[in-house]
Structures are given as C-alpha cells and as structure tokens.
Amino acid sequence: MADKTTIIVQSGDMDKLYSALIVSNGSLAMGMEVSLYFTFWGLLRLKKGGLEKGPLSKMHFWGLGKKMMLGRMKKNNVASLERLMADFKELGGKIIACEMTMDIMGLKRSDLIEDIIDDYGAVGTYIQEARQSAITLFI
Amino acid sequence: MAEIYVDVRGETCPVPLVEMRKAVKKAQPGDIIEITGNNVASKKEIPMAADALSLAVISIDEQDGTWIIKIKK
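Chains as they are written, first to last, in my numbering: chain D, 1 to 139; chain C, 1 to 73.
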C-alpha cells in the first residue's frame, strides 16, 4: 500500500473543510502524497472567492455561530483556510474537481480557482488513486 | 552544512508540522533544522514526522513550556 491519502470532500461546510485540509497537511508533512476530490457541496468551496464561505455544519445560526467560532479560532491562533490551502499546494498536494458536479451546478472552469486545481475528473480517476492509498476518507 | 531556524511559537496544529516539512524540503543533506515552539502535541509529533521522513532527531529540549527540536537532513 502506497503512502498516500485520498479524501473525497463532499461537504462544503467550513468545519469539515478544516478537517480535510488539516488531515491533508499532516499527511504531506509526514511524507505522504495527498489527493483531494472536491464534489457536490465541496466543489462550491473551489469557486472563486468561495474557500472561506462555507457555513458551520452545526450551530451556524444564520452566520452568528460561524462568526463566534471564527473568533475563538483566531484567539487560539488557528490558521485560516486560505493559509492551509496555500501550505497544501506548497507541499505538493493535488486537487481534483468533479466534472459531473460542475455540470449539475452549471460551473465552468473559469468560475473556479483554476490555479490550485490540478485535474478535472470523474469516479474512475478517484478509484485509480484510492486503490493505492493507505488512508481514504469521505468528508 | 547550514543551520536552519524555524520559529513556530504560538502556532497550533497543523502549522508546526507543516513548517518543519517546508524547512526540510528547502534544506540540503547534512543541514540541521532547529524548530522552536510551544504547542504541546507538536513536541511529540515533530519527532514522529522526522521518523516517517527517515531523518535523525538530534535533540529535544524543553524549558518553561518552550521546546527546541533539532533534526538532521
């Protein structure tokens, strides 16, 4: 089994994107390869300006809960999603955007943050990578 | 043989690990990477990561909650 982490990022929730990127950056830091597959609500986070836009998965309360959570995270010096994503790319992490979701949501490549996306694909691309991965997660 | 200093005091998970990895990537074989921080989990996890990357941990020191870990590439 190769030293690789493959994650399906299906949720567009802020806290779940944190989970995905923290596991990814930890994997990269410890010498593994990482591929992230952004699909469905997760893909919305790859829209231009969309990375930080996700709601909290619980206690969002029309944005108030998220604001409070971000405040607490800042106080504890937790890195922003922008920073985690920049680190992810710097350490060689790979991002794949789901083409079917793009069709469903009517998104063109130019609507997405193209410079961080390495590939556009479907389920076959995911399986090819996941079958050689020691860690696979669905978030 | 150079010494590279990484200061992650005040940083929390996963930043200390990530900054260690970035420094290791930029270092030449034989270089010493010295990481200073105060995140409790990282003191245990940076040596774990060094192990996973087949790098030697030269020393781990701690004083008043601040630790210094030296790794050789």
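If you're looking for bench data, these hints aren't it; they were derived computationally from the structure.
Nothing here was measured: the structure is a model prediction, and the numbers come from that model.
C-beta: ideal position from N, C-alpha, C; glycine also.
Hints should not be assumed to be uniformly reliable.
[To be verified] When the alpha-carbon atoms are kept at most 25 Å apart in a straight line, the in silico BS3-like pairs for lysine-lysine are as follows:
hint, chain 1, residue 1, chain 2, residue 2
1, D, K4, C, K25
2, C, K70, D, K74
3, C, K25, D, K94
4, C, K44, D, K108
5, D, K4, C, K44
[What the hints assert, rightly or not] If the Cβ cut is set under 7 Å, some of the chain C residues that face chain D in the computed set are:
hint, residue
6, G10
7, T12
8, P14
9, G30
[What the hints assert, rightly or not] Computed beta-carbon distance windows for the label pairs:
hint, chain 1, residue 1, chain 2, residue 2, range
10, C, E34, D, G50, 23 to 31 Å
11, D, G92, C, P47, 17 to 25 Å
12, D, I113, C, C13, 18 to 26 Å
13, D, S57, C, C13, 18 to 26 Å
14, C, Q63, D, S110, 19 to 27 Å
15, D, E90, C, S54, 48 to 56 Å
16, C, D7, D, R72, 35 to 43 Å
17, D, A134, C, V40, 22 to 30 Å
Checked hints:
1. D/K4 to C/K25: This hinted pair holds, its Cα atoms lying about 18 Å apart.
2. C/K70 to D/K74: Status violated; Cα separation ~29 Å.
3. C/K25 to D/K94: Status holds; Cα separation ~17 Å.
4. C/K44 to D/K108: Status violated; Cα separation ~44 Å.
5. D/K4 to C/K44: holds, 22 Å
6. G10: Holds, because the Cβ-Cβ distance from C/G10 to chain D comes to roughly 6 Å (cut-off 7 Å).
7. T12: holds, 5 Å
8. P14: Status holds, d = 5 Å.
9. G30: Status violated, d = 19 Å.
10. C/E34 to D/G50: 23 to 31 Å: Taking Cβ atoms as reference, C/E34 and D/G50 lie about 38 Å apart, which means the hint is violated.
11. D/G92 to C/P47: 17 to 25 Å: holds, 22 Å
12. D/I113 to C/C13: 18 to 26 Å: Because 25 Å falls inside the window, the suggested range holds.
13. D/S57 to C/C13: 18 to 26 Å: The hinted range 18 to 26 Å holds for D/S57 and C/C13, with Cβ atoms some 19 Å apart.
14. C/Q63 to D/S110: 19 to 27 Å: violated, 53 Å
15. D/E90 to C/S54: 48 to 56 Å: With Cβ atoms ~21 Å apart, the hint is violated.
16. C/D7 to D/R72: 35 to 43 Å: Cβ of C/D7 to Cβ of D/R72: about 24 Å, so the range 35 to 43 Å is violated.
17. D/A134 to C/V40: 22 to 30 Å: Distance hint for D/A134, C/V40 holds at roughly 27 Å.
Of the numbered hints given earlier, the model fails hints 2, 4, 9, 10, 14, 15, 16; all others are met.
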